[in-house]
Amino acid sequence: MDEHEELQRLLHRELQAREAPAGFSARVMALLPQTPPSAIPQTTQRFWLPALRWTAAALALMGIAGGGYWEHQRRERIAGERARGQVILALHISAATLHDVLHKVVKDAKGDAE
Amino acid sequence: MAGSTLEFREIVEAHQARVYSIAYRILGDRGTAEEVAQDVFLELYRAISGIVSDEHLTAWLRRVAVHRATDALRRRPRALYGAAEFGDWMAKLSHEAASFALASEVEKLLLTLPPTQRAVVLLRYQEDLAPPEIAQVLAMPLATVKSHLQRALKSLRAGAQDRLKEYTRRG
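In order, the protein sequence lines correspond to chains A and B.
Numbering-wise, the first sequence is residues 1 to 114 according to the numbering used here.
Numbering-wise, the second sequence is residues 115 to 285 according to the numbering used here.
In case anyone wonders, no lab produced these hints; they're calculated from the structure.
There's no promise every hint is true.
What the hints assert, rightly or not - The following label-pair restraints were derived from C-beta to C-beta distances:
hint, chain 1, residue 1, chain 2, residue 2, range
1, B, 272, A, 51, 51 to 59 angstroms
2, A, 78, B, 253, 36 to 44 angstroms
3, B, 253, A, 9, 28 to 36 angstroms
4, A, 75, B, 156, 52 to 60 angstroms
5, B, 255, A, 66, 47 to 55 angstroms
All values derive from a computational prediction rather than experimental measurement.
Note that the Cβ used here is the ideal one computed from N, Cα and C, for glycine as well.
Based on the sequences and whatever the hints tell you, model everything.
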C-alpha cells in the first residue's frame, strides 16, 4: 500500500461520523415552533401559491393599466371641452367684431351720402 | 415528508451525527458546532415541504450543514481560523482546549486546511461521496473539487509528516 492509499485509508477511518452531544434531538425539538410548517397538503400548497401570486400580480397590473387609460381619457375630454370653449369664444369675438365693422361701414356710407 | 413532530424527531435522530460531525469538523469547536447543527434542523423544519425523498433529504442536509458551518467560520475574526493562529486561539480558550484535546490527530490536521478544502475532504471521506457528487453539493466545477482535494491531501500528508517528526524529536 503506497503513502497516498495509506492516507486515504486513515482519513476514511478517522472521519467516521461523530455522535451528536447527548440530548441534541430533544433540544432541537424544544426549539421548533408550536405549529407545524403548514396545515395545507403540501402538493396543493406548492401548486397554488405561485398561481395565486401570479394572478394577484396580473390583477394589479390590469388595475394600473386600466387606471392609466381612464385618466388619459379624462384628460382628453377636458382638453376637448376647453378647445370647444375657446372656439365658441373666438366665434363670439369674431361675430361682435364683424358687427362693429359693419355698423361703422354703414355709418360711414350714410355720412358720405349726406 | 415529516407530517408530524414525531416523524421530524425521527429525522433529527437519524441524521444528527452526520450534521453535527460536518459542523464540528469544519468549525473545530463543539459549542458552535451544536448551534450550527440546531440551526440546520430548524431550517429543515421550515423547508420540509420541499423535500421529496430520503436521498433529497440527505443531500439537502449535507449541503446546508457545509454552508452554514462555513458561514459561521467566516463570521469569526480572520485570525481565528487561519492555520497558523489556530493553536493560539485554542490555547486562549480553556474549555475549547479541552475538546480539542479529545479530537483525533486527523481532525486537528483537518482544521489547518482552508474552509473549502475542509468541506471537500469531509464530503469525500466522512460522507463517502465521489468528486462529481461533491461538485453537486458545493455547486462548484468538478475540476475545482479535484484540485481542492489534491491540495488538501498534499497539505494533510505534509502536516502528518511534520507531526511525526515532532513526536520523533520529543521521543
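Okay, the hints, checked on the actual structure:
no.: 1; hint: 272(B) / 51(A): 51 to 59 angstroms; result: 57 angstroms, holds
no.: 2; hint: 78(A) / 253(B): 36 to 44 angstroms; result: 58 angstroms, violated
no.: 3; hint: 253(B) / 9(A): 28 to 36 angstroms; result: 29 angstroms, holds
no.: 4; hint: 75(A) / 156(B): 52 to 60 angstroms; result: 55 angstroms, holds
no.: 5; hint: 255(B) / 66(A): 47 to 55 angstroms; result: 49 angstroms, holds
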